[in-house]
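Protein chains: 2
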Amino acid sequence: MTKSGKSRRSGGRKKALEKSLAPTRKPNYRQLRHPFAPQKIFSEDEINNIHETALKVLEELGIKVLLPEARDIFERAGARVQDEMAFIGRDIVSTSLNNAPNSIKLCAANPQRALTYEDGALIFSPGAGCPNATDRKRGRRPGDLNSYIETLKLHQSFDVIHKLGPSAEPQDVPTYLRHYATMQAQMEFSDKPMFVYARGSKQTEQSFEMIRIALNLSEEDWNKGVWGTTVINSNSPRMLDKPMAQGIIDFARARQMSIITPFCLAGAMAPITVSGALTLQHAEALAGIALAQLVNSGAPVSYGGFASNVDMKSGSPAFGTPEHIKMQIGSGQLARHINLPWRSAAGSASNIADAQGATENISGVWGALMANATLTIHAAGWLEGGLTFGYEKFITDIEALQTVAELCKKTEATDSEIGFDAIKHVDPGGHFFATQHTMERYSTEFYSPIVSDLSNNGSWIKSGSKTATERATGIWESTLQNYVQPTTGHAVPERLANFIEKRTSEGGAPIME
Amino acid sequence: MTKSGKSRRSGGRKKALEKSLAPTRKPNYRQLRHPFAPQKIFSEDEINNIHETALKVLEELGIKVLLPEARDIFERAGARVQDEMAFIGRDIVSTSLNNAPNSIKLCAANPQRALTYEDGALIFSPGAGCPNATDRKRGRRPGDLNSYIETLKLHQSFDVIHKLGPSAEPQDVPTYLRHYATMQAQMEFSDKPMFVYARGSKQTEQSFEMIRIALNLSEEDWNKGVWGTTVINSNSPRMLDKPMAQGIIDFARARQMSIITPFCLAGAMAPITVSGALTLQHAEALAGIALAQLVNSGAPVSYGGFASNVDMKSGSPAFGTPEHIKMQIGSGQLARHINLPWRSAAGSASNIADAQGATENISGVWGALMANATLTIHAAGWLEGGLTFGYEKFITDIEALQTVAELCKKTEATDSEIGFDAIKHVDPGGHFFATQHTMERYSTEFYSPIVSDLSNNGSWIKSGSKTATERATGIWESTLQNYVQPTTGHAVPERLANFIEKRTSEGGAPIME
Numbered sequence: 008m009t010k011s012g013k014s015r016r017s018g019g020r021k022k023a024l025e026k027s028l029a030p031t032r033k034p035n036y037r038q039l040r041h042p043f044a045p046q047k048i049f050s051e052d053e054i055n056n057i058h059e060t061a062l063k064v065l066e067e068l069g070i071k072v073l074l075p076e077a078r079d080i081f082e083r084a085g086a087r088v089q090d091e092m093a094f095i096g097r098d099i100v101s102t103s104l105n106n107a108p109n110s111i112k113l114c115a116a117n118p119q120r121a122l123t124y125e126d127g128a129l130i131f132s133p134g135a136g137c138p139n140a141t142d143r144k145r146g147r148r149p150g151d152l153n154s155y156i157e158t159l160k161l162h163q164s165f166d167v168i169h170k171l172g173p174s175a176e177p178q179d180v181p182t183y184l185r186h187y188a189t190m191q192a193q194m195e196f197s198d199k200p201m202f203v204y205a206r207g208s209k210q211t212e213q214s215f216e217m218i219r220i221a222l223n224l225s226e227e228d229w230n231k232g233v234w235g236t237t238v239i240n241s242n243s244p245r246m247l248d249k250p251m252a253q254g255i256i257d258f259a260r261a262r263q264m265s266i267i268t269p270f271c272l273a274g275a276m277a278p279i280t281v282s283g284a285l286t287l288q289h290a291e292a293l294a295g296i297a298l299a300q301l302v303n304s305g306a307p308v309s310y311g312g313f314a315s316n317v318d319m320k321s322g323s324p325a326f327g328t329p330e331h332i333k334m335q336i337g338s339g340q341l342a343r344h345i346n347l348p349w350r351s352a353a354g355s356a357s358n359i360a361d362a363q364g365a366t367e368n369i370s371g372v373w374g375a376l377m378a379n380a381t382l383t384i385h386a387a388g389w390l391e392g393g394l395t396f397g398y399e400k401f402i403t404d405i406e407a408l409q410t411v412a413e414l415c416k417k418t419e420a421t422d423s424e425i426g427f428d429a430i431k432h433v434d435p436g437g438h439f440f441a442t443q444h445t446m447e448r449y450s451t452e453f454y455s456p457i458v459s460d461l462s463n464n465g466s467w468i469k470s471g472s473k474t475a476t477e478r479a480t481g482i483w484e485s486t487l488q489n490y491v492q493p494t495t496g497h498a499v500p501e502r503l504a505n506f507i508e509k510r511t512s513e514g515g516a517p518i519m520e
Numbered sequence: 008m009t010k011s012g013k014s015r016r017s018g019g020r021k022k023a024l025e026k027s028l029a030p031t032r033k034p035n036y037r038q039l040r041h042p043f044a045p046q047k048i049f050s051e052d053e054i055n056n057i058h059e060t061a062l063k064v065l066e067e068l069g070i071k072v073l074l075p076e077a078r079d080i081f082e083r084a085g086a087r088v089q090d091e092m093a094f095i096g097r098d099i100v101s102t103s104l105n106n107a108p109n110s111i112k113l114c115a116a117n118p119q120r121a122l123t124y125e126d127g128a129l130i131f132s133p134g135a136g137c138p139n140a141t142d143r144k145r146g147r148r149p150g151d152l153n154s155y156i157e158t159l160k161l162h163q164s165f166d167v168i169h170k171l172g173p174s175a176e177p178q179d180v181p182t183y184l185r186h187y188a189t190m191q192a193q194m195e196f197s198d199k200p201m202f203v204y205a206r207g208s209k210q211t212e213q214s215f216e217m218i219r220i221a222l223n224l225s226e227e228d229w230n231k232g233v234w235g236t237t238v239i240n241s242n243s244p245r246m247l248d249k250p251m252a253q254g255i256i257d258f259a260r261a262r263q264m265s266i267i268t269p270f271c272l273a274g275a276m277a278p279i280t281v282s283g284a285l286t287l288q289h290a291e292a293l294a295g296i297a298l299a300q301l302v303n304s305g306a307p308v309s310y311g312g313f314a315s316n317v318d319m320k321s322g323s324p325a326f327g328t329p330e331h332i333k334m335q336i337g338s339g340q341l342a343r344h345i346n347l348p349w350r351s352a353a354g355s356a357s358n359i360a361d362a363q364g365a366t367e368n369i370s371g372v373w374g375a376l377m378a379n380a381t382l383t384i385h386a387a388g389w390l391e392g393g394l395t396f397g398y399e400k401f402i403t404d405i406e407a408l409q410t411v412a413e414l415c416k417k418t419e420a421t422d423s424e425i426g427f428d429a430i431k432h433v434d435p436g437g438h439f440f441a442t443q444h445t446m447e448r449y450s451t452e453f454y455s456p457i458v459s460d461l462s463n464n465g466s467w468i469k470s471g472s473k474t475a476t477e478r479a480t481g482i483w484e485s486t487l488q489n490y491v492q493p494t495t496g497h498a499v500p501e502r503l504a505n506f507i508e509k510r511t512s513e514g515g516a517p518i519m520e
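Top to bottom, those sequences are chains G and X.
The first sequence begins at 8 in the working numbering and counts up one residue at a time.
The second sequence begins at 8 in the working numbering and counts up one residue at a time.
Some hints here could point you the wrong way.
[What the hints assert, rightly or not] Here are the simulated DSS-like pairs of lysine-lysine, each with C-alpha atoms no more than 25 Å apart in a straight line:
{"#": "1", "chain 1": "G", "residue 1": "K144", "chain 2": "X", "residue 2": "K473"}
{"#": "2", "chain 1": "G", "residue 1": "K320", "chain 2": "X", "residue 2": "K473"}
{"#": "3", "chain 1": "X", "residue 1": "K160", "chain 2": "X", "residue 2": "K33"}
{"#": "4", "chain 1": "G", "residue 1": "K33", "chain 2": "X", "residue 2": "K320"}
{"#": "5", "chain 1": "X", "residue 1": "K33", "chain 2": "G", "residue 2": "K431"}
{"#": "6", "chain 1": "X", "residue 1": "K144", "chain 2": "G", "residue 2": "K469"}
{"#": "7", "chain 1": "G", "residue 1": "K417", "chain 2": "X", "residue 2": "K71"}
{"#": "8", "chain 1": "G", "residue 1": "K47", "chain 2": "X", "residue 2": "K416"}
{"#": "9", "chain 1": "G", "residue 1": "K160", "chain 2": "G", "residue 2": "K33"}
{"#": "10", "chain 1": "G", "residue 1": "K473", "chain 2": "X", "residue 2": "K71"}
{"#": "11", "chain 1": "X", "residue 1": "K473", "chain 2": "X", "residue 2": "K144"}
{"#": "12", "chain 1": "G", "residue 1": "K47", "chain 2": "X", "residue 2": "K47"}
{"#": "13", "chain 1": "G", "residue 1": "K469", "chain 2": "X", "residue 2": "K320"}
[To be verified] Partner residues are not named here, just some residues of chain X that face chain G (Cβ under 7 Å, in silico):
{"#": "14", "residue": "A407"}
{"#": "15", "residue": "E452"}
{"#": "16", "residue": "K469"}
These are computed hints drawn from the structure, not numbers from a lab.
Ideal Cβ placement from N, Cα and C applies to all residues, glycine included.
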């Protein structure tokens, strides 16, 4: 309710502000901690019930493990193995959970971008795994190396993106050579913690070797923590395919991090209820975590939850729905129940960066906040349920992430912050524009939006009546123009040249099917 | 991360679903309770400091009270009054806070829509106070009685809108007659708790009388609770103008509810810091609450917080910003500190229902959730910081509100909900479409979106590549077409005809300047 729309657009302010030379605002969006207490949708008894039922699923129903080596590992640990099914006892799970670390160091080329992956940390990574890319200038097209590199530059340019993800899949590079291109690009164009696809042992090993070469890491450096993180999706329901099982094994052996993430779509590949889908998710995640710990006790693993529901009209996965949020909060409860850090996901099923896309993604981001997710993947740029990475969507989502990041900073209420004297010196009905209290702070006090346009209707029409999405085009363009390569990236191509040339001439490394 | 984009869009599901005649989903969005624990940005000490500083502002700096009657009331209670300034001691404030009720019944023509206004309740009301209306069919235009009535029909059609607000100001009705039109329309076209403008004693008294006549209320009915609620904005800083002070007095005498809401824009009419703006807000709100209690001890009042910041580029008020959210959470802490229910506000400064508009409004809605606001005003449809009510914006915002409303329902994790047997009967790699557990629930388990389109890119392009905002046009149109008048509205025009004719012939009632 406002009584005086016009008086609020007062102009006297501007002159007063111009009087002083203002310091620039330099917010710190790195290494965030959750600002809100984790919330609950289930009682402790209910969480126990889900956990116990998941254990029963693993023990009595078992999980299909397509990779013989993985079945052998389970069998040697005492699991009953029959054909391709592994029946995993609760003692195996319980020992594994005891051995899994609950605080993991994610190293980065730039040590100031290193992350501690643990309960309470708030880490965002971009929309990932998209076969397509889209923007308003060039339209929707299959992802290629150019869009892969461009999106890396976008990730690098915003501190609120803490960790890399493969936003646009470089489909113009053959799969047996693709990891050479993606690993080089991550290190050449960014200095943030990296993502490594688990697509077979040879690719994985070579990827790790490229990290050591490109960043010139000693054995000691390499052992300081995790340099490469992967996401392992089980094939819900109750199946672990060959490349995923191999990925868990390879990453555990190398003490790099697997994020064990069943993708449980309630009503499709998982039970239709929130608690049912979470039970299946929990069982599958526990199986993956156990495999990692059996391979290498103490190997860094993350619990993963990416459960949502299908849309009953289209059959498509939905995101940012009430069910998605509930599953996020429930996943957080389950992760804390087993005392492990965990990943969640935001994202959008929208075809375009519109109000739907914003609503869905922000709902998922707030769900992750309520759930105290350690890592929120797909936090910016994910369209069509992951089939397309949107450049404009990335920009409009960044605004929401930065809004959240601002909340992580302690708000002060000291006497000087409150400013009783400022209140005293402004007459009733007056304004605070020119007070000392304002002048000292006006250029640094408020978050400065990147895409939001708060001009009045007349000015907005004069500048072309642009939507946020239309304005976002210019923003990603100028971000790419102003992109600064991190110094750690300069030497990367030269350091990797011999390795890549030799491996390429040997035929690269096939992906595991 | 997804490995199989295509398989997720499986089609086998549809046939299985069509086999059964499904019950319709009937969610209950009325009388919601907050799903999340209230969060904090300040320590108890800091909240004490803000409260104490606000008391000091009232005692030592005073508040300018333009209405002589209001100054007299303060003076008789022991406040020092000098010229137009009232210096209000902490004893007056403290007694008032003891007398103010912390649970208030908001009556409605339909008793099933009555609300209990108290801590823990989650009440949404629409974007309000807008001089203009806009939609994609008719463009942006000054609000008129037609748009006022149309927006009432929209409010009535969605249960997640719990309480009415004057969305579009009927500027085609002269101000001295306007309350006849708005009061009649609210009762003719809706059966929800009503909003009454405080625009002078005569208008207020006549509005209350119209409620008694139109709803055929006995004295006993009228005394059951609050039938009319108003919003009182102080003129920050430290001023209470004549109509607002008169409104507090009139509503308190009639035991109807005033929502005392300073509109504190940090950096403009309030100190630039979150804690400074909240201190000023708190002082002004306490003065208004005290006035109401001095007039009529126990009168229903609500604490109000609508603090945000100005955009440093345009000087316009900003909404859904980090500062707005912080002030919401801080306001919640202050309201609980004085043990009163309170209102917050969402809203958007965007010129159009785009990604910016969605981002801003949802951020404010989630801020209100974090703050456990009793009432969130401007929760749907507010554009341009309140200068325009958007029909499409209302629809896209409703989606976000319904998403939140769904979270209020307890999620179950009983054995039958979890569905161990369903998991048992689906083979690894299979699907749950046809299980009994799914079939029993598929038509009722998930929230059904109103505007979100989850179809794949091909289908979306075939249907015209529409944004959510474009789709929303058809939705508000069909909502108006399918609008059902509440039975309580049928008799209203006839019951009011004589009253309105007589008062109109007497010249109506002027608004107080």
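Check: When you check the alpha-carbon spacing of K469 of chain G and K320 of chain X, does it fall within 25 Å?
Finding: Since the Cα atoms of K469 of chain G and K320 of chain X sit roughly 16 Å apart, the hinted pair holds (cutoff 25 Å).
Notebook entry, point to check: Does the alpha-carbon distance linking K160 of chain X and K33 of chain X stay inside the 25 Å limit?
Noted result: 20 Å, holds
Next item on the list: For the hint on E452 of chain X, just tell me whether its beta-carbon gets within less than 7 Å of chain G.
Entry: 5 Å, holds
Margin query: Given the hinted pair K47 of chain G and K416 of chain X, is their Cα-Cα distance within 25 Å?
Written below: It holds: about 12 Å lies between the C-alpha atoms, which stays within 25 Å.
Check: Given the hinted pair K473 of chain G and K71 of chain X, is their alpha-carbon gap at most 25 Å?
Finding: Distance ~43 Å between K473 of chain G and K71 of chain X Cα, so the pair is violated.
Notebook entry, point to check: CA of K144 of chain G to CA of K473 of chain X, is that 25 Å or under?
Noted result: 18 Å, holds
Notebook entry, point to check: CA of K473 of chain X to CA of K144 of chain X, is that 25 Å or under?
Noted result: Since the Cα atoms of K473 of chain X and K144 of chain X sit roughly 15 Å apart, the hinted pair holds (cutoff 25 Å).
Notebook entry, point to check: Within 25 Å, alpha carbon to alpha carbon, are K33 of chain X and K431 of chain G?
Noted result: 55 Å, violated
Notebook entry, point to check: When you check the alpha-carbon spacing of K33 of chain G and K320 of chain X, does it fall within 25 Å?
Noted result: 17 Å, holds
Notebook entry, point to check: Does the CB of A407 of chain X sit less than 7 Å away from some CB of chain G?
Noted result: Where the cut-off is 7 Å and the nearest Cβ of chain G is about 5 Å from A407 of chain X, the hint holds.
Notebook entry, point to check: Taking only the CA atoms, is the gap from K47 of chain G to K47 of chain X under or equal to 25 Å?
Noted result: 17 Å, holds
Item checked: Pair hint outcome, K144 of chain X versus K469 of chain G [Cα-Cα no greater than 25 Å] -> The given pair, whose Cα atoms are some 21 Å apart, holds under the 25 Å limit.
Of the numbered hints stated above, those contradicted by the structure are hints 5, 7, 10 and 16, listed in ascending order.
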